[in-house]
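Chain order of the listed sequences is A and B. Here this note's numbering is used: the first residue of the first sequence is 1, the next is one more, and so on. Here this note's numbering is used: the first residue of the second sequence is 42, the next is one more, and so on.
The set of hints was computed from the structure by calculation and includes no laboratory data. Computed from a predicted structure; not experimentally measured. There could be a bad hint or two in this list.
What the hints assert, rightly or not - Not close to chain B: a few residues of chain A, all C-beta gaps over 10 Å, as computed: (1) ASP7; (2) GLY25; (3) TRP38; (4) ALA39.
As the list claims (entries may be wrong) - Mimicking SDA-like on lysine to any residue, the simulated pairs with C-alpha atoms at most 25 Å apart in a straight line are: (5) B:LYS248 - B:LEU223; (6) B:LYS48 - A:VAL17; (7) B:LYS284 - B:THR256; (8) B:LYS48 - A:LEU14.
Claimed, not checked - Which chain B residues face chain A? A few, computed with CB under 10 Å, are given here: (9) ALA65; (10) ALA67; (11) LEU125.
For every residue, glycine included, the Cβ atom is placed at its ideal position computed from N, Cα and C.
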Amino acid sequence: MSQPNSDPTVYDGLMFVSLASVIVGIVFLVMTLGQYGWAGP
Amino acid sequence: MNNVVGKMLIVMQLVFSLLFMCFAGAVYTFQGQWRTKALAQEALVEEKEKQYDDAVAARNRETMQLTAIAEAAETERGNLNAQLEAAETQAATDQALHAAVSLERDKALADSEVASAEAAARIVEANALNKEVRSQQLRISALVADVQSVENDLLDKTGKLASAVEIEEQHLSELGRMKDLLRLNDIDPGQMVVGPVPAKVEKVDGKIRGTRRNTARTAELAEISIGSDDKVYANQLLTVYRKDKYICTARVVEVFPDVAICLVIEKTRQGNIQKGDDVTTKL
Numbered sequence: 001m002s003q004p005n006s007d008p009t010v011y012d013g014l015m016f017v018s019l020a021s022v023i024v025g026i027v028f029l030v031m032t033l034g035q036y037g038w039a040g041p
Numbered sequence: 042m043n044n045v046v047g048k049m050l051i052v053m054q055l056v057f058s059l060l061f062m063c064f065a066g067a068v069y070t071f072q073g074q075w076r077t078k079a080l081a082q083e084a085l086v087e088e089k090e091k092q093y094d095d096a097v098a099a100r101n102r103e104t105m106q107l108t109a110i111a112e113a114a115e116t117e118r119g120n121l122n123a124q125l126e127a128a129e130t131q132a133a134t135d136q137a138l139h140a141a142v143s144l145e146r147d148k149a150l151a152d153s154e155v156a157s158a159e160a161a162a163r164i165v166e167a168n169a170l171n172k173e174v175r176s177q178q179l180r181i182s183a184l185v186a187d188v189q190s191v192e193n194d195l196l197d198k199t200g201k202l203a204s205a206v207e208i209e210e211q212h213l214s215e216l217g218r219m220k221d222l223l224r225l226n227d228i229d230p231g232q233m234v235v236g237p238v239p240a241k242v243e244k245v246d247g248k249i250r251g252t253r254r255n256t257a258r259t260a261e262l263a264e265i266s267i268g269s270d271d272k273v274y275a276n277q278l279l280t281v282y283r284k285d286k287y288i289c290t291a292r293v294v295e296v297f298p299d300v301a302i303c304l305v306i307e308k309t310r311q312g313n314i315q316k317g318d319d320v321t322t323k324l
């Protein structure tokens with residue numbers, strides 16, 4: 001009894017945007033730590 | 042119901058994800074300024090710490106200096122206390138000396154008062170002696186006048202003696218002439234002339250009954266308790282004495298049976314005759 005594939009909803013879009021935001025934030029943090037050589041200020 | 046919760050969770054996940062992204066971007070964007078400010082604050086903190094350390098060191102130095110000053114002051118206070126004790130001891134000694142000196146001064150004052158009284162007495166005595174000296178000087182003047190008169194008398198007597206010597210020489214020459222005349226008449230001038238033998242004088246003792254002097258006090262008569270009944274005769278020499286002391290020799294001038302009057306020979310006088318003195322015809 002498999003479920004049938006349904007079309008992505010707006011919530012799937014919101015999940016995508018949130019994941020993208022997390023990735024962008026992680027990128028910012030990595031860049032910041034890179035400026036300190038990964039040793040902290 | 043599950044569908045509604047899932048939707049709410051999705052929305053919340055979206056919101057938190059966006060907030061995380063915003064905060065991470067802000068950190069990435071402003072971390073340079075924050076670091077600059079942090080470094081400036083660190084430098085400021087270091088400067089403040091340095092100022093604090095300097096202030097602490099200065100305070101420590103000042104504390105040490107003040108401690109040294111306090112120790113010096115303590116030592117000075119000890120010295121001053123010792124000097125104070127010495128001064129108190131000296132003051133006590135000086136007070137004792139002052140008391141002793143006061144006693145000595147009082148004694149000296151008493152002595153000076155006694156000496157003043159004695160000096161006053163000496164002055165009175167000296168004045169009396171001065172008066173005595175003046176009277177003695179007057180007496181000496183009178184005695185000098187007497188001496189001068191005596192010298193005048195002596196000169197007069199000397200003159201008389203010279204004339205007497207001259208008369209004696211004349212008498213001697215006359216005596217020689219008389220001796221020559223005797224020899225011419227075959228008479229030896231050295232032959233003793235035999236005359237009446239004086240009567241034997243017997244020892245008779247008597248007492249002086251009284252004496253009397255003449256007005257000029259140049260002669261003294263004495264009444265004795267023996268007379269012609271005791272074989273006393275006129276011109277007889279009697280000796281007046283008192284115990285073992287010779288007084289004088291007297292010549293009998295008037296004789297009565299039980300009493301006689303004698304004239305004292307002044308050149309034999311060695312004392313004053315008193316009533317009751319002994320008189321004898323022969324010692």
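Hints versus structure:
| no. | hint | in the structure |
| --- | --- | --- |
| 1 | ASP7 | holds (16 Å) |
| 2 | GLY25 | violated (4 Å) |
| 3 | TRP38 | holds (14 Å) |
| 4 | ALA39 | holds (14 Å) |
| 5 | B:LYS248 - B:LEU223 | violated (49 Å) |
| 6 | B:LYS48 - A:VAL17 | holds (14 Å) |
| 7 | B:LYS284 - B:THR256 | violated (30 Å) |
| 8 | B:LYS48 - A:LEU14 | holds (10 Å) |
| 9 | ALA65 | holds (3 Å) |
| 10 | ALA67 | holds (9 Å) |
| 11 | LEU125 | violated (69 Å) |
Consistency note: the structure conflicts with the earlier hints numbered 2, 5, 7 and 11.
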